[in-house]
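Protein chains: 2
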Amino acid sequence: MISPTPKPPYHVVIFTSVRTGGDEAAYGEMAGRMMALAAQQPGYLGVEHAGDGAGSLTLSYWESERAIADWKRHTDHLVAQGLGRSDWYARFKVRVAKVERDYGFEREG
Amino acid sequence: MISPTPKPPYHVVIFTSVRTGGDEAAYGEMAGRMMALAAQQPGYLGVEHAGDGAGSLTLSYWESERAIADWKRHTDHLVAQGLGRSDWYARFKVRVAKVERDYGFEREG
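Protein chains in written order, with numbering that gives the first Met the number 0: chain A, 0 to 108; chain B, 0 to 108.
What the hints contain is simulated information worked out from the structure, not anything from laboratory work.
You may find that some hints are simply not true.
[As the list claims (entries may be wrong)] Distance condition first, Cα-Cα at most 30 Å in a straight line; then the derived DSS-like pairs of lysine-lysine:
1. 97(A) - 92(B)
2. 97(A) - 6(B)
3. 71(A) - 97(B)
4. 92(B) - 6(A)
5. 6(B) - 92(A)
6. 6(A) - 92(A)
7. 6(B) - 92(B)
8. 71(B) - 6(B)
9. 92(B) - 71(A)
10. 6(A) - 71(A)
11. 71(A) - 97(A)
12. 71(A) - 92(A)
13. 97(A) - 6(A)
14. 6(A) - 71(B)
15. 71(B) - 92(A)
16. 71(A) - 71(B)
17. 97(B) - 71(B)
18. 71(A) - 6(B)
19. 71(B) - 97(A)
20. 97(B) - 6(A)
21. 92(B) - 71(B)
22. 6(B) - 97(B)
23. 6(A) - 6(B)
24. 97(B) - 92(A)
25. 92(A) - 92(B)
Please read all numbers here as calculations on a predicted model, not as lab measurements.
Using the sequences and the hints, build the whole thing.
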């Protein structure tokens, strides 16, 4: 769940989405394929995802803005983006941000 | 689910957490109270949350780093942070980032 990202600065793409509903199998298959493909891109640092009935949050972490731009233009990803707008999402928002600091906690024992 | 944030730049606190389990009622009550209290703070812009069995993502959006610092030091929030470390979370990570650009999609009709 928690990506082992490096020391900041690095970049994050925040994808907040609400599905149309339906096509669950096809959507799940494509979402899994995109996660696997993203992980192979240069500059990829990790992904965190959580979803429930109300919607879904997907955060992907990247070394650079260049890595984000290259992934956005990847051919297979363009196909998925098209299906997202034509079929899968009622609405979504994408925010691109620069992570400037972080800290964490891990229970001992 | 999707917060109507203003034109960037603004700031986001990304809170990725894994619960210890147990205390569900007390945790839920405190989480709800913190969400309501955060919404009353100066500089608050919105919150997005999703959780499932694996963990939970909570994103809060803020006008400034100052607003984030003031909320972190709020007395009631300090109590909740203490309980988070003593009881509620197995691990968590906090990332503070500056949102530099965004775009969205809304289905017509």
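How the hints compare with the structure:
1. 97(A) - 92(B): Status holds; Cα separation ~16 Å.
2. 97(A) - 6(B): Given that 30 Å is the threshold and the Cα spacing comes to 16 Å, the pair holds.
3. 71(A) - 97(B): Holds. Residue 71(A) to residue 97(B) sits at ~20 Å (cutoff 30 Å).
4. 92(B) - 6(A): holds (13 Å)
5. 6(B) - 92(A): Distance of about 13 Å is within 30 Å: holds.
6. 6(A) - 92(A): Holds. Residue 6(A) to residue 92(A) sits at ~27 Å (cutoff 30 Å).
7. 6(B) - 92(B): OK: residue 6(B) and residue 92(B) at ~27 Å, within 30 Å.
8. 71(B) - 6(B): At roughly 24 Å apart (the allowed maximum being 30 Å), residue 6(B) and residue 71(B) satisfy the hint.
9. 92(B) - 71(A): holds (26 Å)
10. 6(A) - 71(A): holds (24 Å)
11. 71(A) - 97(A): holds (17 Å)
12. 71(A) - 92(A): With a Cα-Cα distance of about 15 Å, the restraint between residue 71(A) and residue 92(A) holds, given a limit of 30 Å.
13. 97(A) - 6(A): holds (12 Å)
14. 6(A) - 71(B): Measuring from Cα to Cα gives roughly 21 Å; hence the hint holds.
15. 71(B) - 92(A): Distance ~26 Å between residue 71(B) and residue 92(A) Cα, so the pair holds.
16. 71(A) - 71(B): violated (34 Å)
17. 97(B) - 71(B): holds (17 Å)
18. 71(A) - 6(B): holds (21 Å)
19. 71(B) - 97(A): holds (20 Å)
20. 97(B) - 6(A): Holds. Residue 97(B) to residue 6(A) sits at ~16 Å (cutoff 30 Å).
21. 92(B) - 71(B): holds (15 Å)
22. 6(B) - 97(B): holds (12 Å)
23. 6(A) - 6(B): holds (28 Å)
24. 97(B) - 92(A): holds (16 Å)
25. 92(A) - 92(B): holds (23 Å)
Hint 16 alone, counting from the list given before, is not met by this structure.
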